[in-house]
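Novice: Sequence:
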Amino acid sequence: MEQITNALTQGAVEIVVILIGSLLSYVLVKVKSYFSTLKKKDELGIIDIITDLAADYAEAELKGKAGIEKRNFAVEKAIEMLADKGIKLTKSEVIAGIENGVKKINNK
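In my numbering, the protein residues as written are 1 to 108.
Bear in mind the hints are in silico, worked out from the structure with no lab data behind them.
Computed from a predicted model, the values in this text were never measured in an experiment.
Do not rely on the hints blindly, as some may be mistaken.
[Said to hold, decoys possible] With a cut-off of at most 30 Å between alpha-carbon atoms, the simulated DSS-like pairs for lysine-lysine come out as follows:
| hint | residue 1 | residue 2 |
| --- | --- | --- |
| 1 | 103 | 40 |
| 2 | 65 | 108 |
| 3 | 104 | 65 |
| 4 | 91 | 40 |
| 5 | 63 | 104 |
| 6 | 103 | 77 |
| 7 | 30 | 41 |
| 8 | 77 | 108 |
| 9 | 104 | 30 |
| 10 | 104 | 91 |
| 11 | 30 | 108 |
| 12 | 32 | 65 |
| 13 | 88 | 65 |
| 14 | 65 | 40 |
| 15 | 41 | 65 |
| 16 | 77 | 40 |
| 17 | 103 | 91 |
| 18 | 32 | 104 |
| 19 | 85 | 63 |
| 20 | 32 | 85 |
| 21 | 104 | 41 |
| 22 | 88 | 32 |
[Unchecked claim] Here are the simulated distance ranges between beta carbons:
| hint | residue 1 | residue 2 | range |
| --- | --- | --- | --- |
| 23 | 87 | 34 | 18 to 26 Å |
| 24 | 6 | 40 | 30 to 38 Å |
| 25 | 96 | 35 | 21 to 29 Å |
| 26 | 60 | 91 | 19 to 27 Å |
| 27 | 67 | 45 | 38 to 46 Å |
| 28 | 90 | 66 | 36 to 44 Å |
| 29 | 85 | 29 | 49 to 57 Å |
| 30 | 96 | 16 | 26 to 34 Å |
| 31 | 42 | 68 | 28 to 36 Å |
All C-beta atoms in this analysis are idealised placements derived from N, C-alpha and C, irrespective of residue type, glycine included.
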């Protein structure tokens, strides 16, 4: 009888350990996903700020120059600043951010 009780106890403990391990694994995946989402939101905020700053800087630095020249200057500055932060974007993504920054400047 004692052997049966020990076997049942051992089996119950193994089941509890497996359930706890599975639960912790699930929670870990959810936590990683949550922090990944937060990081992405933070990066998007940084990108928005930097492209706005680059557009402002180009407007101030290149007064009287053609719009395309200002845009190219702002794109290069934004790519440099983003690379310093470890954020890599394509040129077209940065151009979209710069154009959005220019719209914000024009609305002010």
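Novice: Would you mind marking each hint as holding or not holding in the structure?
Specialist: Here is what the structure says about each hint:
no., hint, verdict
1, 103 with 40, "24 Å, holds"
2, 65 with 108, "20 Å, holds"
3, 104 with 65, "19 Å, holds"
4, 91 with 40, "19 Å, holds"
5, 63 with 104, "17 Å, holds"
6, 103 with 77, "18 Å, holds"
7, 30 with 41, "17 Å, holds"
8, 77 with 108, "22 Å, holds"
9, 104 with 30, "36 Å, violated"
10, 104 with 91, "20 Å, holds"
11, 30 with 108, "41 Å, violated"
12, 32 with 65, "47 Å, violated"
13, 88 with 65, "28 Å, holds"
14, 65 with 40, "35 Å, violated"
15, 41 with 65, "34 Å, violated"
16, 77 with 40, "22 Å, holds"
17, 103 with 91, "18 Å, holds"
18, 32 with 104, "34 Å, violated"
19, 85 with 63, "28 Å, holds"
20, 32 with 85, "22 Å, holds"
21, 104 with 41, "20 Å, holds"
22, 88 with 32, "22 Å, holds"
23, 87 with 34: 18 to 26 Å, "20 Å, holds"
24, 6 with 40: 30 to 38 Å, "51 Å, violated"
25, 96 with 35: 21 to 29 Å, "26 Å, holds"
26, 60 with 91: 19 to 27 Å, "22 Å, holds"
27, 67 with 45: 38 to 46 Å, "26 Å, violated"
28, 90 with 66: 36 to 44 Å, "23 Å, violated"
29, 85 with 29: 49 to 57 Å, "27 Å, violated"
30, 96 with 16: 26 to 34 Å, "53 Å, violated"
31, 42 with 68: 28 to 36 Å, "31 Å, holds"
The structure fails hints 9, 11, 12, 14, 15, 18, 24, 27, 28, 29 and 30 (numbered hints given earlier, in ascending order).
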